[in-house]
Amino acid sequence: MMEAESDIALDDATRAFIVSSLPKLPDAITQLMLADAHVRQSLRLPAGDYIRLFERRFDRAALFRCLRDIANGHPASLVSSDGTFSIEKTEIDPDGSAAIYAEGGGARFANVGLMSEDAELRLRTLAASLHNAELPADREAQWRAAVELGPLDDDLFAAFETTMEQSPEAIYRRLYGDASEGISFDALVPNEPNLFAGLLGIIPVPDTLGEYRKSWTDVLATLDSRRLTRALLVSAPLSALLGNLIADAAQRLDRDTRLSLARQLAICRDPFSALAAAQICIGDFRDADFAALADELFPLLLNRKESWFLDGSNFLSSSVILAAAVGSRKRVLQGWPTYARRLAWFLHASHLVRIFGNGEIEPRDLARLAGQPMLPNARAAELCDAAEIPYNLAAPFSPAHIYSLVLARLTQALFSIPESERPTEWSKSLEWAIDMFRESDEAIIAMVPGPFDPFETDWAGLIELPPASFDESFAQMDGLIDPTRMIEPPDPCERMRSTDLCVQAT
Amino acid sequence: MFVPTTQKDMNNGWGSIRLPNERPWFKAVSLAIAYAIRSAWTSVADVADAERAASYLFDMIPDPAAWSAGDQSPDRDVWVLDVSRHTLWGLASIFSVPESHSERYRHWFANRVGPRYEKRDPGALDAVARSLYAFMASPMPEDEDDGG
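Line order of the protein sequences matches chains L and X. Here my numbering is used: the first residue of the first sequence is 281, the next is one more, and so on. Here my numbering is used: the first residue of the second sequence is 176, the next is one more, and so on.
No lab work stands behind these hints, which were simulated from the structure alone. Keep in mind that the hints are not guaranteed to be accurate.
Said to hold, decoys possible - Distance condition first, Cα-Cα at most 27 angstroms in a straight line; then the derived DSS-like pairs of lysine-lysine: (1) L:Lys-585 with L:Lys-708; (2) L:Lys-304 with X:Lys-294; (3) X:Lys-294 with X:Lys-202; (4) L:Lys-610 with X:Lys-294.
Construct the complete structure from the given sequences, taking the supplied hints into account.
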C-alpha cells in the first residue's frame, strides 16, 4: 500500500510517537496502515502471524502447539509474544473442545480434539462438530476420511475451522457474538453470497420461482434425515410461499423427528418459522402431540395485537427493509434473479428475528433506526427491478401484510384437511381472526398480492378497474371487505385517485 | 436580477456557471464541520454528549458528489475526492481524544464514518491511512499542535 512512505527511516522519537498514536486512531485506519509489512518493519513491530487473546498477542504456531498438547494430554504452556503473560490452566471436554485460563479469564477453542493422536477422541470431536449436519454429505465424508487417517496438522485444522465457519448457522452465531459488543446495521447484512445461497439451499439459483420450488423439493428428497431436518430448520420461513413446502418435505421424516423439528420451529421468534411449525402440526392433526402443539401456536399466530406477533412482525418488517437496503447497496447478490434476491433478503431477515428477537434488540428501536430510515433505500433498490416485477418488496412486508400472509397460508393448510375431520376449534379461531382483520382499517391489505405472488407461474398480474365499473366492482367486494373503512368519501381529486386502485385479478 | 426558480433555469447553466466559484466555500464548510467534530470529541467533557454532538455535526457534512451533480467541469471528480478525503482525514486523525472518550470515538467512527465513506468512495479509507502515516512519519515541527 504505502511502500514509498514507509521506506522513510524513522528516528526513535517519531517511531515512539506513531506507536503511541496508533491506538487512538480508528481501527479501520490502523488496520490498513499495519497491513503493510513495510510499515510494520519501520515501526519495528513483530512481523509474525499473531492471534489476539486476553488482550495480548500470541504467536499463532505456538498457540496451535499448545492446543495440540492439550488434545494429547501433555503439559501445555503458552506465553504471549512479549513474554510477560502465560496461561495458568488448560482442560479439554469430552466433545473435543478445549479451554485455556489465565488471570481469571478464559478462552474456548472448538474442535481441538481433531489434533489428538487418539483416534477415538478425533472421531468423537468430529461427530460433535457435525452433529447439526451443517456440512454437505460429500464434504463430511472427506473430513471423516482425513480424521480417520491421523491427527490434523495446523493447516488442515485451520481449513476445517474455515469450512465450518461458512455455514449460515455459523455466520449467525458469529453475528450474535459480535452483536454483544456492538454491531453496525451494515454488518448485520454480511457481504457473503455463500450465506444467502446456503439459506436458499440451491446453487446455482434457478431462473424462476417455479423452478426453484421444484429444485428445492428435489434436492431435499435426496437428503438423509439429519440433513433434511437441518435444511428445514434453515429454510422454514419458506412457509410464506404458496404451497405447503415445509410441511410436505417434513413428511419424509419419522414421526418423532418431525415432532422435534416442529417444536424447534415453534420456539423460533420469526412468524414464518412458527407458521411452518403450525403447518407441520396441521398435517399430523390426528396425533395428540402435534395437535397440542398446534393448540399453542394458533393463538400466537392469530392474535396480531399481542406482543408475540406484534413484536415479531414489526421486527421482521424492519429486518426485510434493512436486508434489502444494505444488501442491495453492497450488491451482494448481483446477477441473481429478482425472486431469489427477494427470497434471500426475506430469509435473512427471518433469521435476524430468530437470533435478535428475544429481547436483544427492541423492535421499535430497529424500526426507528433502520426500518423507517432505510425504507426509501429499499424501495429505490426495488425500483431497479420494476421493469421485471412492477411491485415493490418493502411495502408488502409491513406487519399487516405479514399477518395477511400468515392467515392465507394457515387457511390453505387447514383446508387441506377434509371438512368432516377439520378440528372445529382451529377453524373457529381462524374464522374469528379473518373476521377481525376484515373489519379492521387494514383489510384492504388482504386484497393485494403477497410479496412473492408476482413470481408465481400462474400469476395473473394486476388489473386496473375501469372508472365506469368501479362502483360495481366495489359492490361485489362488499362481502369481503368494507371499502368505506379504507377510502374517504370521494371528492373529485380522490375520485381520480380511486380509479387507479388495483386489485389482484384472481 | 434573474433568479433561477425552475429546474429548466438550473439546467440552462446557472449551476454550472456558479460552481467553480463556490468550490472553495464548499470545501471550507465541509472541513469546518469536520474540525467542529474534532473539537466535540476533544472538548466536550461528557462522552455521551460528545458523541451526540459529533453525530449531529456529521449528519450536516454535505456530499460533494451530490452537490456538484450538475457540474460538467473535467476536474469535477478530482475535486469531489479532494473534498471528501480531506474531510475524512479530519475525522480520522483526532490524536488528542481523551482516554475516557477513545473507545466511543473509535466505535463511532467504525459505525458511522467508515461505512458512509466506503460507500461513497471505496478507496477513501486506504488513501487517508496512507496520507496519515506519511504525515506521522514526517519530522514533527516544534510549534505544531496535535496534527490538526
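Hint-by-hint comparison with the structure:
1. L:Lys-585 with L:Lys-708: With Cα atoms ~18 angstroms apart, Lys-585 of chain L and Lys-708 of chain L stay inside 27 angstroms; holds.
2. L:Lys-304 with X:Lys-294: holds (24 angstroms)
3. X:Lys-294 with X:Lys-202: Since the Cα atoms of Lys-294 of chain X and Lys-202 of chain X sit roughly 20 angstroms apart, the hinted pair holds (cutoff 27 angstroms).
4. L:Lys-610 with X:Lys-294: holds (8 angstroms)
When held up to the earlier numbered hints, the structure conflicts with none and fits them all.
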